[in-house]
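Sequences and hints are given; from them, build the entire structure.
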Amino acid sequence: MELVEIGGDRDWQAALTKAKPNLVVVTTVTSALELLDDTVTSAVVKATHAVGAIAFVDDAYGARLRPVLHGGKPGLALGADLAITNCDKAGLAGPRAGVLAGRPNLVTAASAKGAEFGMEARAPIAAGAMRSLQAFRPDDLREEARSGQALAVALAEKLGRDLVVVSDLGPMVDEQDVLAVVLRRARRSAEDLGLVPCEVSSALGMVLLRDDGILTVNTHGQPGARVSLRLKPTLDAIGRVGGQDAVVAAVDTALDHLASRIGDVSAISQLVLGEQA
0 MELVEIGGDR DWQAALTKAK PNLVVVTTVT SALELLDDTV TSAVVKATHA VGAIAFVDDA
60 YGARLRPVLH GGKPGLALGA DLAITNCDKA GLAGPRAGVL AGRPNLVTAA SAKGAEFGME
120 ARAPIAAGAM RSLQAFRPDD LREEARSGQA LAVALAEKLG RDLVVVSDLG PMVDEQDVLA
180 VVLRRARRSA EDLGLVPCEV SSALGMVLLR DDGILTVNTH GQPGARVSLR LKPTLDAIGR
240 VGGQDAVVAA VDTALDHLAS RIGDVSAISQ LVLGEQA
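Heads up: the sequence shown at position 130 corresponds to 129 in numbering that gives the first Met the number 0, and the numbers run straight through without jumps.
Treat each hint with caution, since some may be false.
Pairs of lysine-lysine residues, derived as DSSO-like cross-links and limited to a Cα-Cα distance of at most 27 Å, are as follows [what the hints assert, rightly or not]:
hint, residue 1, residue 2
1, LYS45, LYS19
2, LYS45, LYS72
3, LYS17, LYS45
4, LYS88, LYS112
5, LYS112, LYS19
6, LYS88, LYS72
Here are the simulated distance ranges between beta carbons [unchecked claim]:
hint, residue 1, residue 2, range
7, ALA149, GLY93, 22 to 30 Å
8, LYS45, SER188, 50 to 58 Å
9, ARG121, LYS72, 25 to 33 Å
10, ARG121, GLU1, 29 to 37 Å
11, SER259, ARG121, 44 to 52 Å
12, GLU1, MET118, 37 to 45 Å
13, LEU132, HIS48, 38 to 46 Å
14, MET0, THR252, 22 to 30 Å
15, ASP8, SER268, 23 to 31 Å
16, GLY241, ARG187, 28 to 36 Å
17, PRO222, GLU119, 38 to 46 Å
18, GLY113, LYS19, 22 to 30 Å
Hints listed in this document are in silico derivations from the structure and should not be mistaken for laboratory results.
Since the structure is predicted, the reported quantities are computational estimates derived from the model, not experimental observations.
All residues carry an ideal CB built from backbone N, CA and C; glycine is no exception.
Pasting the structure below:
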């Protein structure tokens with residue numbers, strides 16, 4: 000089965016016509032919180048149906064982020080046959096599970112296929128997902144967005160506005176920029192460093208977790224997750240760490256810590272992998 004990937008800002012119509020797919024997946028909001036306009040999503044769905052394919056909206060973040068923060072429509076209201084979201088993103092507290100909705104025959108078929116792979120939502124997971132959805136409050140997500148964006152502005156003032164991306168939910172620093180900051184503070188070049196950017200950003204995550212209890216994808220993300228530094232605070236998370244200034248100071252101190260050890264590959268390895276490194 001051939002997989003064709005294309006951005007919403009490219010000629011997806013030509014790609015759709017050429018590929019003649021059975022299924023089209025539309026990601027409305029990426030893990031970097033890049034947003035696809037509803038008009039594009041709706042157009043892709045209509046074109047998908049025109050070629051006789053199934054339109055599947057990947058709304059992991061988008062199911063709440065788009066309607067609550069951007070006035071967008073729910074995935075099924077855009078005409079999708081199926082839409083899925085994640086129970087531990089954008090205002091939901093978990094579990095780490097997907098919620099699939101759409102045409103009953105397709106949901107049933109997907110559920111059956113999931114069961115074949117041992118991925119079905121058994122009672123405890125289903126109950127947890129239901130409670131998570133019941134507890135969702137749009138105002139909580141708006142507050143998370145406000146605190147995350149304020150944190151991003153504060154971090155940008157410390158590290159530089161050219162390095163920190165202010166997303167809907169908080170600051171993001173590319174792994175290449177994390178490495179550049181550490182090298183600049185260490186006053187050395189990347190030549191013969193013996194480390195790659197993702198290892199340095201992973202080490203940064205470990206220091207933040209060890210010293211300040213700050214949880215990031217860099218320490219707890221699954222394989223394939225982005226390796227940039229992303230801080231998307233949940234409700235009251237910043238307060239538990241000591242406030243916005245404390246979070247910024249923690250990142251700044253962690254970068255200094257790495258800069259003092261960046262020439263020691265073994266030390267960085269131990270940070271990431273532990274004593275067995």
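Results for each hint:
no., hint, result
1, LYS45 to LYS19, "holds (14 Å)"
2, LYS45 to LYS72, "holds (15 Å)"
3, LYS17 to LYS45, "holds (16 Å)"
4, LYS88 to LYS112, "holds (24 Å)"
5, LYS112 to LYS19, "holds (23 Å)"
6, LYS88 to LYS72, "holds (18 Å)"
7, ALA149 to GLY93: 22 to 30 Å, "holds (24 Å)"
8, LYS45 to SER188: 50 to 58 Å, "holds (52 Å)"
9, ARG121 to LYS72: 25 to 33 Å, "holds (32 Å)"
10, ARG121 to GLU1: 29 to 37 Å, "holds (34 Å)"
11, SER259 to ARG121: 44 to 52 Å, "holds (48 Å)"
12, GLU1 to MET118: 37 to 45 Å, "violated (24 Å)"
13, LEU132 to HIS48: 38 to 46 Å, "violated (28 Å)"
14, MET0 to THR252: 22 to 30 Å, "violated (49 Å)"
15, ASP8 to SER268: 23 to 31 Å, "violated (40 Å)"
16, GLY241 to ARG187: 28 to 36 Å, "holds (32 Å)"
17, PRO222 to GLU119: 38 to 46 Å, "violated (22 Å)"
18, GLY113 to LYS19: 22 to 30 Å, "holds (26 Å)"
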